[in-house]
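Colleague: Sequence order for the protein chains is U and B. Residue 278 in the numbering used here sits at position 278 of the first sequence; the count goes up by one each step and never skips. Residue 65 in the numbering used here sits at position 65 of the second sequence; the count goes up by one each step and never skips.
Please keep in mind that the hints were generated in silico from the structure rather than gathered at the bench. All C-beta atoms in this analysis are idealised placements derived from N, C-alpha and C, irrespective of residue type, glycine included. Among the hints, a few may not be true.
Stated by the list, open to error - Dumping the calculated DSSO-like pairs for lysine-lysine here, alpha-carbon to alpha-carbon at most 27 Å:
| # | chain 1 | residue 1 | chain 2 | residue 2 |
| --- | --- | --- | --- | --- |
| 1 | B | Lys20 | U | Lys146 |
| 2 | U | Lys187 | B | Lys8 |
| 3 | B | Lys20 | U | Lys73 |
| 4 | U | Lys187 | B | Lys4 |
| 5 | B | Lys24 | U | Lys194 |
| 6 | B | Lys121 | U | Lys187 |
| 7 | U | Lys152 | B | Lys24 |
| 8 | B | Lys121 | U | Lys190 |
| 9 | B | Lys8 | B | Lys78 |
| 10 | B | Lys20 | U | Lys187 |
| 11 | U | Lys187 | B | Lys24 |
What the hints assert, rightly or not - Just so you have them, the derived chain B footprint on chain U, three or more residues with Cβ under 8 Å:
| # | segment |
| --- | --- |
| 12 | 123 to 135 |
| 13 | 160 to 174 |
| 14 | 183 to 189 |
| 15 | 248 to 258 |
| 16 | 336 to 344 |
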Amino acid sequence: MPKYELILFKNMAQPGYKGSLEEYRETGGYTALEKVLKDISPAEVIDEVKKSGLRGRGGAGFPTGLKWSFIPKDQVGPRYLCCNADESEPGTYKDRQLMERDPHQMLEGMAICCYAIGAQRAYIYIRGEFDLGAEILERAIDEAYKAKVIGKDIFGSGFNLDISVHRGAGAYICGEETALLESIEGKRGKPRIKPPFPAIHGLYQEPTVINNVETLANVPHIINRGAEWFASIGVGKSTGTRIFSVSGHVKKPGNYEVPMGVTLREMIYEFAGGVRGDKQLKAFIPGGASAPMMKPEHLDTPMDFESVAAAGSMLGSGAITVMDEDTCIVWAATNLMEFFHHESCGQCTPCREGSAWVLQILYRIEQGHGRAGDVDQLEYLCKHIEGKTVCAFGEAEIGPILSSINHFRAEYEQHIEEKGCPFHPNAALSMAH
Amino acid sequence: MRFKVLSKATIERIEAEFPKYPDKRSLTLPALRFAQEEIGYVSEPAMIDIAELLDLTPIQVYEVATFYSQYNMKPVGKYLIQVCKTLACSLVGAMPIVEHIQNSLGIGIGGTTEDGVFSLKVVECLAACGSAPMMQINNRYYEHLTPEKVDRILSDLKQHGESDLATGPFMLPVLQG
Numbered sequence: 001m002p003k004y005e006l007i008l009f010k011n012m013a014q015p016g017y018k019g020s021l022e023e024y025r026e027t028g029g030y031t032a033l034e035k036v037l038k039d040i041s042p043a044e045v046i047d048e049v050k051k052s053g054l055r056g057r058g059g060a061g062f063p064t065g066l067k068w069s070f071i072p073k074d075q076v077g078p079r080y081l082c083c084n085a086d087e088s089e090p091g092t093y094k095d096r097q098l099m100e101r102d103p104h105q106m107l108e109g110m111a112i113c114c115y116a117i118g119a120q121r122a123y124i125y126i127r128g129e130f131d132l133g134a135e136i137l138e139r140a141i142d143e144a145y146k147a148k149v150i151g152k153d154i155f156g157s158g159f160n161l162d163i164s165v166h167r168g169a170g171a172y173i174c175g176e177e178t179a180l181l182e183s184i185e186g187k188r189g190k191p192r193i194k195p196p197f198p199a200i201h202g203l204y205q206e207p208t209v210i211n212n213v214e215t216l217a218n219v220p221h222i223i224n225r226g227a228e229w230f231a232s233i234g235v236g237k238s239t240g241t242r243i244f245s246v247s248g249h250v251k252k253p254g255n256y257e258v259p260m261g262v263t264l265r266e267m268i269y270e271f272a273g274g275v276r277g278d279k280q281l282k283a284f285i286p287g288g289a290s291a292p293m294m295k296p297e298h299l300d301t302p303m304d305f306e307s308v309a310a311a312g313s314m315l316g317s318g319a320i321t322v323m324d325e326d327t328c329i330v331w332a333a334t335n336l337m338e339f340f341h342h343e344s345c346g347q348c349t350p351c352r353e354g355s356a357w358v359l360q361i362l363y364r365i366e367q368g369h370g371r372a373g374d375v376d377q378l379e380y381l382c383k384h385i386e387g388k389t390v391c392a393f394g395e396a397e398i399g400p401i402l403s404s405i406n407h408f409r410a411e412y413e414q415h416i417e418e419k420g421c422p423f424h425p426n427a428a429l430s431m432a433h
Numbered sequence: 001m002r003f004k005v006l007s008k009a010t011i012e013r014i015e016a017e018f019p020k021y022p023d024k025r026s027l028t029l030p031a032l033r034f035a036q037e038e039i040g041y042v043s044e045p046a047m048i049d050i051a052e053l054l055d056l057t058p059i060q061v062y063e064v065a066t067f068y069s070q071y072n073m074k075p076v077g078k079y080l081i082q083v084c085k086t087l088a089c090s091l092v093g094a095m096p097i098v099e100h101i102q103n104s105l106g107i108g109i110g111g112t113t114e115d116g117v118f119s120l121k122v123v124e125c126l127a128a129c130g131s132a133p134m135m136q137i138n139n140r141y142y143e144h145l146t147p148e149k150v151d152r153i154l155s156d157l158k159q160h161g162e163s164d165l166a167t168g169p170f171m172l173p174v175l176q177g
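Please take these sequences and the hints and turn them into a complete structure.
Modeller: What follows is the structure, encoded as structure tokens:
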């Protein structure tokens with residue numbers, strides 16, 4: 001018997017559920033939208049979301065209602081909602097499931113958000129590789145227009161809303177909210193300097209909210225079942241469920257929806273079945289590639305924003321990647337640095353050049369040419385990237401490097417002293433870039 | 001003739017998107033995608049056509065095309081194989097899959113077979129980490145790969161132009177605690 005009630009996955013857990021508008025409405029779909037359009041003022045919707053404690057599921061965990069409340073109330077002119085479906089944080093694949101299997105859930109959440117912030121135009125920025133997801137969303141949007149749950153004069157309320165899918169084209173950085181805006185505007189995805197924040201100067205310089213798919217998918221449930229109900233799930237300031245994407249060396253990888261606050265041990269050993277081949281756990285990443293690595297001693301950390309931060313990492317996008325005892329930590333750090341180096345947008349010198357230098361040193365250590373002082377040099381470089389970039393990418397790329405040095409310094413030193421990798425002497429790194 | 005290479009159909013496809021945006025420049029990414037779908041890659045004349053259509057300078061289109069990894073700046077094979085190598089995939093055997101493809105097709109990373117049917121790239125995270133190792137071929141995902149499965153996929157594509165091993169909708173399992 002499952003311990004926890006499903007919320008976001010509830011519909012799709014029904015056998016044969018294919019996420020059509022008709023099926024979604026049979027489960028009570030679009031009644032939350034109808035209810036807010038007929039009976040609840042935009043300000044009250046924002047208050048309800050604030051009271052629910054819902055926080056952004058993309059990574060930063062910013063309070064959603066508060067974000068919506070930053071949109072100027074009396075300013076005339078257009079305002080926008082952008083749904084962030086770029087899902088690029090390595091390890092994360094939850095939004096893909098929400099979009100492919102129950103697209104109307106997030107569309108309804110988007111419509112409620114647009115009503116609350118007074119936006120009549122919304123875009124779903126979906127990563128270019130999600131061709132299947134984009135097709136499913138486009139079909140769902142067509143259905144929604146035909147059923148008049150989006151479009152003109154929705155439920156006779158006089159509220160108009162257009163939603164379109166905008167496909168990305170392969171760039172991790174476009175998951176950063178201002179880079180995402182640049183990309184919709186048809187430019188290179190280079191993050192903007194903040195402030196001004198998107199709530200004031202966002203898409204086309206107009207007030208804009210950017211919310212993750214999972215964040216928006218929660219909204220209809222908050223309206224239907226109430227903020228208090230939502231706030232009763234989870235722990236402390238981390239309310240509701242979270243979809244955790246588990247990957248790497250576990251027996252049952254996959255997306256698990258559980259209340260926030262479940263421990264990492266429970267997730268890895270109970271739900272995901274433990275480490276493959278019953279090997280020892282060496283390290284894991286608790287919140288996507290940007291989150292600092294953790295060790296077995298951290299397994300009892302509850303998975304909520306505060307507890308994971310207090311343990312020195314971050315809950316981030318909720319993606320848990322597990323590494324067993326045979327994994328070389330220098331190799332793992334190098335693999336992730338290849339990713340970050342490839343994905344650096346190139347705008348800020350410390351990130352663009354720093355990522356290349358860090359990667360060069362990591363290659364050198366992993367391939368047996370490490371020099372005395374290299375580990376100190378890595379730390380020095382990382383500290384000169386941190387805080388010196390326009391966006392949080394700088395902090396993201398040093399997370400796996402500094403944490404792996406912090407937890408496994410001896411392993412780095414061993415590579416240098418023994419002039420090679422003790423785990424896989426012919427370690428294949430892609431070096432594809 | 002106003003446009004050099006893009007067909008009337010592609011131009012109309014781009015123009016049909018105009019009402020969705022207050023600024024034509026927003027069509028840069030979709031236009032590049034449509035152009036690539038028509039001619040297989042993003043050629044210079046195609047970018048000039050897009051600039052003309054969107055009232056941009058060619059460099060404004062070019063700088064976008066070179067920023068995003070999905071635009072092919074050179075022709076590629078009929079089937080572009082992109083194997084993910086980021087951590088979750090690499091932990092469970094992405095590189096052996098890459099090696100297997102290299103050996104079966106006799107091409108290196110970045111190469112195209114002589115008959116122009118397959119090209120191979122190694123790419124960063126495609127958000128299918130729970131069903132690793134995985135690859136994308138053209139617009140579809142292939143997950144839980146093994147060398148045997150890869151052989152069948154490549155042979156299906158070569159012979160029939162499609163493979164039923166591609167990931168379809170509704171295939172991600174619902175899991176709970």
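Colleague: Take the hints in turn and mark each one as holding or not.
Modeller: Cross-check of the supplied hints:
1. Lys20(B) / Lys146(U): holds, 17 Å
2. Lys187(U) / Lys8(B): Distance ~25 Å between Lys187(U) and Lys8(B) Cα, so the pair holds.
3. Lys20(B) / Lys73(U): Distance of about 24 Å is within 27 Å: holds.
4. Lys187(U) / Lys4(B): This hinted pair holds, its Cα atoms lying about 23 Å apart.
5. Lys24(B) / Lys194(U): holds, 25 Å
6. Lys121(B) / Lys187(U): Holds, at roughly 25 Å.
7. Lys152(U) / Lys24(B): holds, 23 Å
8. Lys121(B) / Lys190(U): The given pair, whose Cα atoms are some 25 Å apart, holds under the 27 Å limit.
9. Lys8(B) / Lys78(B): holds, 23 Å
10. Lys20(B) / Lys187(U): Distance of about 17 Å is within 27 Å: holds.
11. Lys187(U) / Lys24(B): holds, 12 Å
12. 123 to 135: holds (count 6)
13. 160 to 174: With 9 residues in contact (Cβ-Cβ under 8 Å with chain B), the coverage given for the segment 160 to 174 of chain U holds.
14. 183 to 189: holds (count 7)
15. 248 to 258: Held - the segment 248 to 258 of chain U has 9 residues with a Cβ nearer than 8 Å to chain B, which meets the minimum of three.
16. 336 to 344: Check passed, 5 qualifying residues.
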